[in-house]
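Work out the full structure, taking the sequences as your base and the hints as a guide.
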Amino acid sequence: MARKERPLDSGDTPELAFAASLRQLREKAGSPTYRVLSQRTHYSVTTLSSAAAGRVLPSLPVALAYVRACDGDVGEWEQLWHRSAARIAAGAASAGPEACGAEEGPAAPYPGLAAFQREDGERFFGREDVTDDLVRRLAGHRFVAVFGASGSGKSSLLRAGLLPRLAAGAETSTVLLFTPGPHPLEECAIGLATEAGTTAGRLCAELAADPANLHRLVRQLLAGRPPAAEVILVVDQFEEVFTLCRSEQERAAFISALVTATGAPNSRCRAVLGVRADFYAHCTHHAELLTALAASQVPLGPMTSEQLRQAIVQPAARAGLSVEGALVAALVAECHGKHGTLPLLSHALLETWRRRRGNALTLAGYRAAGGMEGALARTAETFYTSLTPAQQRSARQLFLRLTSLGEGTEDTRRRLPHRELDRDADVTTVLEQAARARLLILDDHHIEVTHEALIRCWPRLHRWLTEDRERLRRHRMLTEAAQLWESLNRDPDVLYRGARLAMVGEFADPSAHRGELTVRERAFLDASRAAEDLRNRGLLHRARRLRRLVALLAVATLAASGAAAYALHAHREITQQRNEILSRNVAGEASSLRDSQPALHAQLMMAAYQLSPTAEARDGLLGAVSKPLPGRGEIVSSVAFTPDGRGLAAGGDTNVQLWNTPETGPPVRAGATRPTGRVASVAFTPDGRTLAVGGFDHTVRLWDVTDRDRPTPTAALTGHTDVVYAVASSPDGRTLATGSYDHTVRLWDLTARPPALRAALTGHRLNVKAVAFSRDGRLLATGGDDRTVQLWNVAQPHEPVRLSVLTGHRNFVTSVTFGPGDRTLVSSSDDRTVRIWDISRPTRPATLSTLTGHREVVIAAALSRDGRLLASGGYDGFARLWNVADPRRPATAGVLGNGGALNAVALSPDGRFLLTGGTDHTARLWPTDPRHAIELGCAGNPAALTRAQWEHYFPDVSFREPCRDQGDTRR
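The C-terminal position of the sequence shown is numbered 975 in our numbering, with every residue numbered one higher than the one before it.
Mixed in with the good hints there might be a few duds.
Computed spacing ranges between beta-carbons, pair by pair [to be verified]:
| hint | residue 1 | residue 2 | range |
| --- | --- | --- | --- |
| 1 | 657 | 844 | 39 to 45 Å |
| 2 | 892 | 631 | 33 to 39 Å |
| 3 | 44 | 799 | 38 to 44 Å |
| 4 | 172 | 292 | 29 to 35 Å |
| 5 | 501 | 172 | 55 to 61 Å |
| 6 | 334 | 172 | 34 to 40 Å |
| 7 | 580 | 394 | 50 to 56 Å |
| 8 | 717 | 517 | 42 to 48 Å |
| 9 | 340 | 20 | 27 to 33 Å |
| 10 | 936 | 20 | 52 to 58 Å |
Hints in this document: simulated from the structure, not taken from any laboratory. Quantities reported herein were computed from a predicted structural model and do not represent experimental measurements. We treat Cβ as the ideally placed atom computed from N, Cα and C, and that holds for glycine.
Written out as structure tokens, the structure reads:
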């Protein structure tokens with residue numbers, strides 16, 4: 005019989021309240037033993053029982069694993085955890101000023117969130133083996149990259165490990181350390197300018213003009229030095245080339261300069277990059293960088309137990325301190341095998357040092373600091389609560405500006421130029437206090453968050469970043485546009501107009517978000533609005549002049565019938581021009597009302613389209629009627645319709661959510677699969693009764709979704725050794741195809757019990773990202789990172805035969821789908837294009853057309869059942885609709901965007917709806933036909949336009965309610 009759980013202590017602390025709630029959840033789940041919970045979560049019995057003991061708040065991953073094992077609502081519990089962490093941190097505000105970093109006496113042996121620096125080499129422990137390996141690799145290769153997760157210690161390794169070794173072993177060489185920032189060529193030039201005896205501006209211009217000039221400059225610098233002397237460039241946080249540098253031209257030039265300088269036959273330059281591991285795919289988009297990286301990479305994983313002990317104990321020993329054995333054991337257990345914990349460990353040790361007992365760092369002091377994540381949250385919250393309300397508002401804006409929102413990656417820190425801020429007394433106080441608390445790093449030119457761990461672990465900042473990410477993205481775009489405007493001496497040609505101005509209309513409202521803008525941003529926005537108003541007044545004035553001219557012509561027609569005919573034609577033409585202008589203007593102006601007045605927004609879009617079906621009104625109308633599906637709340641990685649169109653599925657970070665689609669009304673949330681980890685792909689079988697789910701855990705899971713309210717697992721297909729990125733069912737439902745990052749495609753027999761492997765296709769050299777069956781089931785198309793699409797004869801699934809390899813894409817292939825009659829094939833790619841292929845002769849395919857328009861990676865494409873409508877979605881945040889009735893001459897049929905990079909698109913079987921999913925944590929359903937959109941908009945019974953509203957938006961046009969007449973109302 006299981007031992008009874010120890011009663012909770014008395015009290016009302018957040019830790020006890022959270023533990024009591026966990027125990028209640030476990031009781032509702034039938035009181036499973038901790039041994040059973042351990043089997044479900046893969047956490048130890050001790051870890052799980054401690055989570056509900058009430059002594060400390062468990063880490064977020066442990067808490068959510070406990071909740072999943074007890075079938076709790078993960079989203080609700082994550083919010084509860086953040087609220088509890090915030091209460092704990094707020095309770096530390098009375099701990100005194102030392103919590104904000106103001107200590108006196110001896111220097112701390114740990115740097116906290118900050119990276120170890122060159123001068124910290126004597127107290128940098130635990131990475132000696134990796135440092136030795138890095139030095140050896142750099143001696144044998146001129147281009148070396150260190151890849152590791154955020155928080156794995158890359159910066160510390162480069163600064164406190166590598167730099168002292170380079171200084172000791174190469175006295176005649178020049179070692180330059182820098183981070184790329186928004187302008188990597190400029191940062192490189194600033195570092196080399198002093199050595200070169202020239203100005204940074206001139207040197208930057210030379211590097212931009214010809215990247216090979218970096219190689220020439222290095223040789224010039226070393227001309228009088230010994231032959232062994234070299235220039236060693238250490239580029240920390242290389243991922244800033246992708247996150248902060250907005251110019252593709254500068255990015256490419258910087259990369260080319262590094263590769264050329266290190267790869268030339270007479271090179272005297274070496275380069276070491278520190279790169280976040282989740283940006284490896286970004287590196288592969290540059291062929292010359294990929295070639296350079298192939299030679300030498302240093303992966304930086306979690307520390308071993310012994311390395312962790314050294315990192316914990318040795319800095320304290322150097323300072324004459326001791327670390328309690330129980331504390332060492334607890335820290336090693338909590339950090340071992342986990343990515344991204346080193347800055348949290350260092351900060352927790354710093355806070356424990358502040359609470360030391362004599363010369364000893366103790367477990368009690370560590371718990372008083374709040375533990376790993378709690379210590380950081382407590383420091384940040386103590387800093388925040390010590391501010392006045394006005395200073396707190398300044399702090400919120402500051403930390404939001406210091407964060408670069410991720411697109412398919414984690415949020416990262418952003419280096420903020422001082423000139424971007426409006427410095428007043430409150431902002432100055434916030435900067436000083438945050439720097440004293442070691443939350444920020446200040447230098448003469450920039451401000452930045454000490455470490456990205458703060459973005460992950462401060463509940464308040466996490467909440468700020470998730471409240472309205474799309475508004476934050478629009479604000480960041482406005483910031484960059486204002487900076488460009490200023491840099492070009494306020495050139496009016498770069499002001500916002502039309503749709504771009506409408507997107508940031510919320511910032512013009514003094515009662516809304518205008519207070520979040522700087523003086524420069526407000527000036528840019530005001531100038532943009534003034535220019536747009538002037539333009540619109542000019543257009544309307546011209547239209548009125550034309551109407552008066554028509555009136556004069558009409559009078560003249562009384563004298564001649566020929567003149568009458570001409571006047572009538574002119575009247576129609578001028579009226580059409582006026583209607584087009586009004587339609588575009590109203591569509592742009594109404595865009596700013598989408599969130600604040602959605603009913604008026606929808607009415608205006610319908611009226612604008614009925615007046616004149618311009619592209620702006622069409623896209624605005626389709627967006628106005630689109631609906632987010634309730635209940636997803638995670639990044640959406642994959643979406644699918646059931647073959648009959650009566651059900652939907654969307655995969656995310658933990659599971660797959662299902663919906664039912666009634667004949668009338670919006671989709672209704674149904675059940676969800678049990679959380680099994682991050683989902684990469686989903687697909688229904690033709691009967692709609694089985695859902696196949698490919699996961700990041702290398703497994704394909706099959707679910708019985710006959711009752712979508714209660715999906716039931718039926719099988720788990722194993723054999724792949726990496727992410728299963730694509731799944732597809734054959735038309736007869738007998739075969740399942742799965743594509744994986746292990747470079748293979750597997751065919752499974754779904755008629756077997758359990759499903760059995762039929763064949764493994766090994767034609768791709770890199771990750772497989774796309775699989776699709778032809779509509780007769782005899783062909784299979786696959787696509788992957790080797791930039792090819794491959795056609796296979798799978799009429800005999802146990803003996804597949806490759807028929808052809810389609811080449812032409814210049815980057816990774818992300819999706820494939822067959823057209824009706826299996827005579828055409830559609831593929832999308834990271835090269836920002838969609839291609840339509842003629843495969844009427846599968847052994848001799850040919851390109852029919854290439855669709856362009858996306859500004860970023862095209863991650864998915866889908867065809868309607870009749871093959872007339874194509875949808876594509878990309879990282880630029882837009883889904884594009886194409887009329888491909890004639891595949892040789894595709895035409896744009898819509899551009900739909902709601903903010904956030906898209907990860908998946910799917911068309912309903914009848915082509916009337918588009919389902920999208922992306923990084924904005926939303927699955928959204930869009931109509932694809934404007935006439936259908938008007939039907940949906942009117943069925944929703946939005947408030948009708950008043951005459952006053954009509955006259956404001958449609959001057960000189962007779963009043964007509966959009967839903968009174970759904971036909972063509974153009975005059």
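Each hint, compared with the structure:
| no. | hint | verdict |
| --- | --- | --- |
| 1 | 657 <-> 844: 39 to 45 Å | 41 Å, holds |
| 2 | 892 <-> 631: 33 to 39 Å | 35 Å, holds |
| 3 | 44 <-> 799: 38 to 44 Å | 43 Å, holds |
| 4 | 172 <-> 292: 29 to 35 Å | 32 Å, holds |
| 5 | 501 <-> 172: 55 to 61 Å | 58 Å, holds |
| 6 | 334 <-> 172: 34 to 40 Å | 36 Å, holds |
| 7 | 580 <-> 394: 50 to 56 Å | 54 Å, holds |
| 8 | 717 <-> 517: 42 to 48 Å | 46 Å, holds |
| 9 | 340 <-> 20: 27 to 33 Å | 28 Å, holds |
| 10 | 936 <-> 20: 52 to 58 Å | 55 Å, holds |
In terms of the numbered hints stated before, the structure departs from none.
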